[in-house]
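As you go down the protein sequences, you meet chains A and B in turn. Using the working numbering, read the first sequence as starting at 46 and increasing by one per residue. Using the working numbering, read the second sequence as starting at 46 and increasing by one per residue.
Among these hints, one or two may not hold up.
Since the list gives no way to pick one copy over another, a pair counts as held whenever it fits inside one copy or between any two copies.
With a straight-line Cα cutoff of 35 Å, these simulated DSBU-like cross-link-like pairs (lysine-lysine) come out [said to hold, decoys possible]:
#: 1; residue 1: 357; residue 2: 380
#: 2; residue 1: 154; residue 2: 378
#: 3; residue 1: 357; residue 2: 249
#: 4; residue 1: 249; residue 2: 154
#: 5; residue 1: 299; residue 2: 357
#: 6; residue 1: 299; residue 2: 403
#: 7; residue 1: 378; residue 2: 214
#: 8; residue 1: 154; residue 2: 403
#: 9; residue 1: 380; residue 2: 154
#: 10; residue 1: 233; residue 2: 357
Quick caveat, the hints were computed from the structure, so don't treat them as lab data.
Protein chains: 2
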Amino acid sequence: MSVYRPAAVGMFLSEVDTPSLILDLDAFERNLDRMDASLAGKPIAIRPHAKSHKCPEIAKRQLARGAVGVCCQKVSEAAAMVDGGVTDVLIANEVVGAPKLGLLTALAKRARVAVCADDAGNVADLDRAAAAAGVRLDVLVEVNVGANRCGVEPGEPAFALAQAIARSKHLRFAGLQAYQGGAQHLRKVEERRAAIEAACGKVKQTTALLASAGIACERVTGAGTGTYLFEAASGVYHELQAGSYIFMDVDYAKNEWTESGIPRFEHSLFVWATVMSCPVPDRAVVDAGLKASSMDSGMPRVAGVAGAEYVKASDEHGVLALNGGARLAVGDKLKLIPGHCDPTVNLYDHYVCVRGEKVEAIWPITARGAVW
Amino acid sequence: MSVYRPAAVGMFLSEVDTPSLILDLDAFERNLDRMDASLAGKPIAIRPHAKSHKCPEIAKRQLARGAVGVCCQKVSEAAAMVDGGVTDVLIANEVVGAPKLGLLTALAKRARVAVCADDAGNVADLDRAAAAAGVRLDVLVEVNVGANRCGVEPGEPAFALAQAIARSKHLRFAGLQAYQGGAQHLRKVEERRAAIEAACGKVKQTTALLASAGIACERVTGAGTGTYLFEAASGVYHELQAGSYIFMDVDYAKNEWTESGIPRFEHSLFVWATVMSCPVPDRAVVDAGLKASSMDSGMPRVAGVAGAEYVKASDEHGVLALNGGARLAVGDKLKLIPGHCDPTVNLYDHYVCVRGEKVEAIWPITARGAVW
Numbered sequence: 046m047s048v049y050r051p052a053a054v055g056m057f058l059s060e061v062d063t064p065s066l067i068l069d070l071d072a073f074e075r076n077l078d079r080m081d082a083s084l085a086g087k088p089i090a091i092r093p094h095a096k097s098h099k100c101p102e103i104a105k106r107q108l109a110r111g112a113v114g115v116c117c118q119k120v121s122e123a124a125a126m127v128d129g130g131v132t133d134v135l136i137a138n139e140v141v142g143a144p145k146l147g148l149l150t151a152l153a154k155r156a157r158v159a160v161c162a163d164d165a166g167n168v169a170d171l172d173r174a175a176a177a178a179g180v181r182l183d184v185l186v187e188v189n190v191g192a193n194r195c196g197v198e199p200g201e202p203a204f205a206l207a208q209a210i211a212r213s214k215h216l217r218f219a220g221l222q223a224y225q226g227g228a229q230h231l232r233k234v235e236e237r238r239a240a241i242e243a244a245c246g247k248v249k250q251t252t253a254l255l256a257s258a259g260i261a262c263e264r265v266t267g268a269g270t271g272t273y274l275f276e277a278a279s280g281v282y283h284e285l286q287a288g289s290y291i292f293m294d295v296d297y298a299k300n301e302w303t304e305s306g307i308p309r310f311e312h313s314l315f316v317w318a319t320v321m322s323c324p325v326p327d328r329a330v331v332d333a334g335l336k337a338s339s340m341d342s343g344m345p346r347v348a349g350v351a352g353a354e355y356v357k358a359s360d361e362h363g364v365l366a367l368n369g370g371a372r373l374a375v376g377d378k379l380k381l382i383p384g385h386c387d388p389t390v391n392l393y394d395h396y397v398c399v400r401g402e403k404v405e406a407i408w409p410i411t412a413r414g415a416v417w
Numbered sequence: 046m047s048v049y050r051p052a053a054v055g056m057f058l059s060e061v062d063t064p065s066l067i068l069d070l071d072a073f074e075r076n077l078d079r080m081d082a083s084l085a086g087k088p089i090a091i092r093p094h095a096k097s098h099k100c101p102e103i104a105k106r107q108l109a110r111g112a113v114g115v116c117c118q119k120v121s122e123a124a125a126m127v128d129g130g131v132t133d134v135l136i137a138n139e140v141v142g143a144p145k146l147g148l149l150t151a152l153a154k155r156a157r158v159a160v161c162a163d164d165a166g167n168v169a170d171l172d173r174a175a176a177a178a179g180v181r182l183d184v185l186v187e188v189n190v191g192a193n194r195c196g197v198e199p200g201e202p203a204f205a206l207a208q209a210i211a212r213s214k215h216l217r218f219a220g221l222q223a224y225q226g227g228a229q230h231l232r233k234v235e236e237r238r239a240a241i242e243a244a245c246g247k248v249k250q251t252t253a254l255l256a257s258a259g260i261a262c263e264r265v266t267g268a269g270t271g272t273y274l275f276e277a278a279s280g281v282y283h284e285l286q287a288g289s290y291i292f293m294d295v296d297y298a299k300n301e302w303t304e305s306g307i308p309r310f311e312h313s314l315f316v317w318a319t320v321m322s323c324p325v326p327d328r329a330v331v332d333a334g335l336k337a338s339s340m341d342s343g344m345p346r347v348a349g350v351a352g353a354e355y356v357k358a359s360d361e362h363g364v365l366a367l368n369g370g371a372r373l374a375v376g377d378k379l380k381l382i383p384g385h386c387d388p389t390v391n392l393y394d395h396y397v398c399v400r401g402e403k404v405e406a407i408w409p410i411t412a413r414g415a416v417w
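Produce the entire structure from the sequences given, and follow the hints as far as they go.
As structure tokens, then:
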């Protein structure tokens with residue numbers, strides 16, 4: 046981690062060095078407001094996913110507005126959240142291997158911690174680790190509701206695993222993890238709605254079996270920014286895991302939103318970049334390449350410069366095509382909207398938080414690189 | 046940066062937690078040997094690119110074998126190298142903006158530092174910054190030799206910029222930066238050879254003008270792992286900037302190498318991953334997704350497990366298709382070969398250096414995130 050800092054509180058944005066990760070606080074807070082308004086009066090909790098921001102400062106602002114806790118994907122990410130003062134974390138993912146189980150059970154002594162499982166052997170390992178640490182661990186069954194990634198199949202396989210957890214002396218069956226990740230970026234509203242309807246059917250198939258065996262399912266948790274109002278209206282889900290709504294990236298913005306009811310969240314996260322070369326009139330090169338903005342879901346978009354298009358990334362360079370008379374000069378600074386916010390955040394050690402044109406705060410991204 | 050460490054010296058590889066970045070020291074050293082052997086007796090220097098490894102420990106091993114210095118892409122990366130004991134750094138890139146120029150001239154007091162320029166205004170800024178710091182700065186003209194990224198056009202424009210540098214009181218014209226980045230991943234040997242021949246023509250066009258004006262061009266520097274023997278044989282280049290040869294990634298391995306004369310470097314860099322879910326027999330999910338291995342140049346390849354193919358990445362998951370009877374179980378660990386080594390290294394804080402099955406060292410990646 047470099048000791049060099051691109052910004053200091055009180056600076057003008059124009060003085061902030063590049064590339065750096067800029068959070069527009071007004072836009073960020075409007076996104077928090079939009080989420081609150083869209084859920085007002087609905088009998089559903091929100092547990093935002095901290096994998097998007099990796100920052101306890103942001104988690105604490107979500108919790109202050111009534112979020113019941115946060116989700117994490119990794120036990121090291123959860124540790125960063127608990128270290129930062131978060132007291133309720135769901136690891137919405139499987140945790141495998143003795144070192145990680147040791148960290149998990151240690152965390153469970155310091156905070157309310159739950160974890161997912163999709164394998165009977167892993168359930169046995171969780172039970173042994175909980176016994177060794179002297180804790181009782183909340184475990185949810187991850188159900189494959191259509192994403193075909195992790196998760197046991199709904200119905201009998203999920204039911205059998207829930208029974209195994211309920212029988213484990215040091216575990217408590219705490220519900221179903223039912224995230225339909227494959228639905229979030231389906232572009233058409235009706236495709237997303239149909240995917241969540243199908244997911245709800247798979248959940249109900251499982252909860253019916255649990256109910257028939259007298260096993261209470263206190264929590265069904267899932268959903269993302271692309272679909273969360275469908276889960277909220279389903280009568281099936283208790284908790285929403287949306288994360289990206291706070292930032293909004295280019296990839297999510299390509300979804301159709303009209304008729305979904307989901308508010309149009311605005312871009313609040315930017316990579317601040319400098320034009321470092323203008324060798325010919327129709328080309329500018331910025332100092333932010335694929336080590337400054339993740340390209341996995343496509344190129345970043347140039348904000349506020351009509352005709353400038355980010356067309357090619359190499360490690361440390363971004364080539365902008367200048368169309369329709371757009372002109373840029375060496376030393377100009379501009380904002381890029383990341384193609385995908387989560388892995389872009391994971392490249393930086395700090396958010397440079399600006400309000401208007403002034404740096405108001407610098408928030409450390411304490412879970413950056415916390416991939417364990 | 047997480048305080049949790051995945052490994053300790055003396056551990057067996059099998060005990061190292063995941064995801065972590067593994068450097069196979071034997072393979073790494075064989076790659077160093079191959080590079081040395083391929084250049085033996087040739088009148089050319091090597092200045093390996095540190096953007097690939099971002100680690101002074103690796104730089105020092107390259108220098109100990111006769112490298113004349115290292116290249117960096119960013120002034121903050123150069124600072125990490127100088128802080129780590131490297132005494133000769135070429136920033137093979139433009140440096141723009143007052144804070145960076147301040148850092149650059151401060152570095153020039155501590156080490157032999159050179160920088161590139163492709164703009165007359167930037168040359169004036171460099172001269173002012175050097176004057177303010179009381180240093181004389183070596184500046185190379187970056188020439189566009191075919192990559193169409195940064196760099197002035199060869200011939201008159203490059204000549205004019207060299208004259209501007211030579212006239213600047215606090216700068217010294219130190220040669221030409223002539224890297225043909227667009228050639229490195231052309232798959233066919235003949236395409237790469239032709240691209241470097243064309244680049245050499247552009248350099249000669251420029252050096253002829255310089256010679257006619259009595260301006261000495263002491264150094265032409267460039268080349269990458271895909272082409273470096275062509276530059277070495279050209280009679281035009283003095284210095285080679287190859288970087289990826291030490292690691293070798295999936296993307297570079299797709300090049301044709303036979304008939305190039307360039308040795309077939311071997312994979313020495315791996316992402317160590319754990320199977321965290323095996324929900325159905327033909328699918329395994331590993332805990333290394335696109336925050337653990339950069340996907341910009343394609344998926345990682347699974348090493349040593351016949352029939353296992355990494356087919357889909359999400360933030361923290363990698364989905365493996367298991368073909369031809371391949372079987373994996375929850376808890377199995379395996380090596381992934383990164384699609385692209387440079388941005389993958391930039392995700393990690395440490396190399397876990399293994400020799401055979403034992404962890405021999407842990408090397409900090411001190412320039413991780415040094416994107417300024």
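Where does the structure disagree with the numbered hints, that is, which hint numbers, in rising order?
-> No hint contradicted; all consistent.
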